[in-house]
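Asks: One-letter residues, chain by chain:
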Amino acid sequence: MKRTTLGLIAGLALAAALVAATVAIQDAPARTSGTELSLVAYSTPREAYATLIPMFQKTAAGRDVSFTQSYGASGEQTRAVKAGLKADLVALSLAPDVDELVAAGLVDAGWSKQPYKGMVTDSVVVFVLRDGNPKNIKGWNDLLRPDVDVVTPNPFTSGGARWNVMAAYGAWRRGGKPDKQAQANLLKLFRNVVVQDKSARDSLNTFVSGKGDVLLAYENEALFSRTKGLDLQFVIPKSTLLIENPIAVVKTSKNRAAASAFTRFLRTPAAQQVFANNGYRPVVKSVLARNRKKFPVRPGEFTIEAPYLGGWKKVQKRFFDPKTGIMVDIERKIGGDTG
Amino acid sequence: MTTFLTLMVMLPIAALLWEATSEGKTTFWEAVSSPAAVASLKLTLVASFVVALMNAVLGTVTAWVLVRDDFRGKTFVNAVIDLPFALPTIVAGLTLLALYGPTSPIGIDVAFTRTAIVLALMFVTLPFVVRTVQPVLQELDPELEEAARSLGASNTTTFRRVVFPNILPGILSGVALAFAKAVGEFGSLVIITGNIPYRTEVSSVYIFGRIESGDSTSAAAVAVVLLALSFVTLLSIGAIRHVATRHDRA
Amino acid sequence: MHRLWLRFVALGYLAAILVGPLAIVFWRTFEDGFQPAWDALTSPETIHALKLTLLITAIAVPINTVFGIVCALAIVRRRFPGKGLLNAFIDLPLALSPVVVGLALFLLYGREGWFGGWLEDHGIQVLFALPAMVIATIFVSLPFVAREVVPTLREIGDEQEQAAKTLGASGWQTFWRITLPSIRWAVVYGVILTTARCLGEYGAVAVVSGRIQGKTETATLRVQERYESFDLAGAYAISIVLALMAIAVLVATTVIRPKEANA
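Chains as they are written, first to last, in the working numbering: chain F, 88 to 426; chain X, 2 to 251; chain G, 2 to 264.
None of these hints come from the bench; they were simulated from the model.
Quick reminder that beta carbons are idealized off the backbone N, C-alpha and C, glycines included.
One or more hints might be untrue.
[Claimed, not checked] In the BS3-like style, the derived pairs of lysine-lysine whose C-alpha atoms are separated by at most 30 Å in a straight line are:
#, chain 1, residue 1, chain 2, residue 2
1, F, Lys410, X, Lys75
2, X, Lys26, F, Lys325
3, F, Lys169, X, Lys26
[To be verified] Covered stretches of chain F (in silico footprint by chain G; criterion: 3 or more residues with CB under 8 Å from a CB of chain G, positions within the stretch not fixed):
#, stretch
4, 148-159
5, 209-221
6, 314-326
[Unchecked claim] Pair ranges (Cβ atoms, derived):
#, chain 1, residue 1, chain 2, residue 2, range
7, X, Arg162, G, Thr167, 26 to 34 Å
8, G, Pro132, F, Thr138, 48 to 56 Å
9, G, Leu245, F, Ala196, 25 to 33 Å
10, F, Gln268, G, Ser44, 47 to 55 Å
11, F, Ala271, X, Leu236, 43 to 51 Å
12, G, Trp39, F, Gln268, 52 to 60 Å
13, G, Ser44, X, Val244, 22 to 30 Å
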């Protein structure tokens, strides 16, 4: 019967297509020599590593080393590695994410005990502004003005957004304000936040689409987007937080030697210069000095280890604990009024 | 089929239930009754209801026009109905933001408001009622309507008494799909709504925030509650259909 | 005139909600000429991603189609306790946001999950490989064929099937010769919806894929990657390819169907 033949042909065609596709999808046969390193990283250093990996492969330590790469939001990547995503190296956006892997038994507890504290790149929190800065925004107190709309990612959906919150709080503390006052300022700041995107890239998109007067962003993102044709104006506030991005070797890796060799390579001047070209501040002082013009050091720069902050472990508990954190309270207060 | 259903649907839901209650009943209750969670649940359910109803009307009209009407470009229109589905949700979000946001070419700026939620949800649920009503309309015997008209019934009466009861199951099927999809939508909403807690944060974003903060128990708890509420709604839709078509089973 | 009013409403609705955004997608793709779109589409990662998407779709769609038809038949033609529950149950996967689907699959197949240990001991890779991506895709596209077929099955009634049975036709014959042809439009639209969904699925697959470049990146993941690299033209270009694939399936399914009795 015509219909049955048609059905048969369709079925065979489908089966043939399936087989063909499965064959086409197969990767090349496994390498018999050399090591394969899998790098799991957060999303922004993608282009940096695209340059760095071939560079590494030209060195003696990197010959015969192939890479698989995965880039995504830092928190998501952390959870994926915890759930079994094979990784030899994790390059994440903030130290707490690596600490989560320590707690899961995947990274050595002493990962940060080395000359660079386990960090591979730095950046700073900046204000991205409209052309010409019509509202004349210069410092953190300007963000508290009633006529200023602020855009920042949600600190609960974007681990990276926590840098913004701590930069604000830390700046006020550094400026002499007591803890209570700084917290009150933080509340005032968030009252001015008009959009809380889920990630830094999304909040940049929101700002570019016309929303808000100032975007709290990271210097490396602002610089990188300039290279992609987005003409962004930004200022680095006098007091700002130094963002530090970690890299660590995974304990269960079968290629620890090669992985460590790669992390050592990443801190060579040549590699650090590649990071600088991508908008990151080098952790190696000499390379940072060489790029002084691009990366001015602000007088009020502080780190998460500052005494009034106390390091990530303290900050996480105090500000971002999902039940008792200060930010939970702030979100409730701003929502309750207009909710 | 039952094994398939179990593997595919029940197992993941069971795993969520397990995770949700893994820290005890009090924690479950706390997670679910937290003000931000409740606000997001209310927002999600209300928005999904509204969208499902709007789809019921607009989707039926569209299906009608596609089956019974004829105009230039109809094949094109029919072909693009499913596109909201084939496009990744981020594209949906970005284009709606471009069209109805601060830089809107037509001057409509509803981005980062509750209207944006409805807008995005209408986009992603557009195909449902249309596609569930179309096949039913196509199979509908035109003789029934002709008979009614020849007996003197007006167009509205014919529709109300002859056509509507027959396409109602199709409409309700589509409404169920639209409602469920609206409840679970994430990717497009997260771009265009602004995610302000208590104001424009839907449950899917709230749950995402919980997971990202390392609190997967709360996330699972809210997800389970949302699921339960959706299940009740879907059961109700099924009940409506059951009652509305009882004349068929007489 | 009623007819014109309806047409106006329908087309207005579609223009505002559907055609507008589509126009933007096309415009943004070619805003800077053909080159950016072309570069994005011809890169080896994108080609692999498109192939992977097609493979996953080719697996998920037939499975969900068979499941959908079987389910619909059970719901409409059989009586059994809990039928109403089953009916509502099928739609549930849609109500789960992609993040939650990912979480559930992690809870089941992850390193610390229910089956994680067993899978690792036996060297079976579910998460961050094709199996998990297929499972996630099947999950989110489960209800469509069933939902399409159920109303149509109800509408047509089972007299013809009863007649066939009294004439001695077997179950299979009845299904293939009587039932299936009468639900073909419903199946067609169900397949179209399912395919479109599989092509466009992002969230759940993204979480369980591990985003390994060149290995577990689907087309939608590539779109995300292009977006994050500020290559909007490339992102939209890939989306257009997905849209065209969906349209191709629609054209194919509406052409292959045998000619019907009424216009």
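Asks: The structure should be examined with respect to each hint, and the outcome stated for every one.
Replies: How the hints compare with the structure:
no.	hint	in the structure
1	Lys410(F) with Lys75(X)	54 Å, violated
2	Lys26(X) with Lys325(F)	49 Å, violated
3	Lys169(F) with Lys26(X)	26 Å, holds
4	148-159	holds (count 5)
5	209-221	violated (count 0)
6	314-326	holds (count 3)
7	Arg162(X) with Thr167(G): 26 to 34 Å	33 Å, holds
8	Pro132(G) with Thr138(F): 48 to 56 Å	34 Å, violated
9	Leu245(G) with Ala196(F): 25 to 33 Å	52 Å, violated
10	Gln268(F) with Ser44(G): 47 to 55 Å	52 Å, holds
11	Ala271(F) with Leu236(X): 43 to 51 Å	48 Å, holds
12	Trp39(G) with Gln268(F): 52 to 60 Å	56 Å, holds
13	Ser44(G) with Val244(X): 22 to 30 Å	56 Å, violated
Checked against the numbered hints given earlier, this structure breaks hints 1, 2, 5, 8, 9 and 13; the rest are met.
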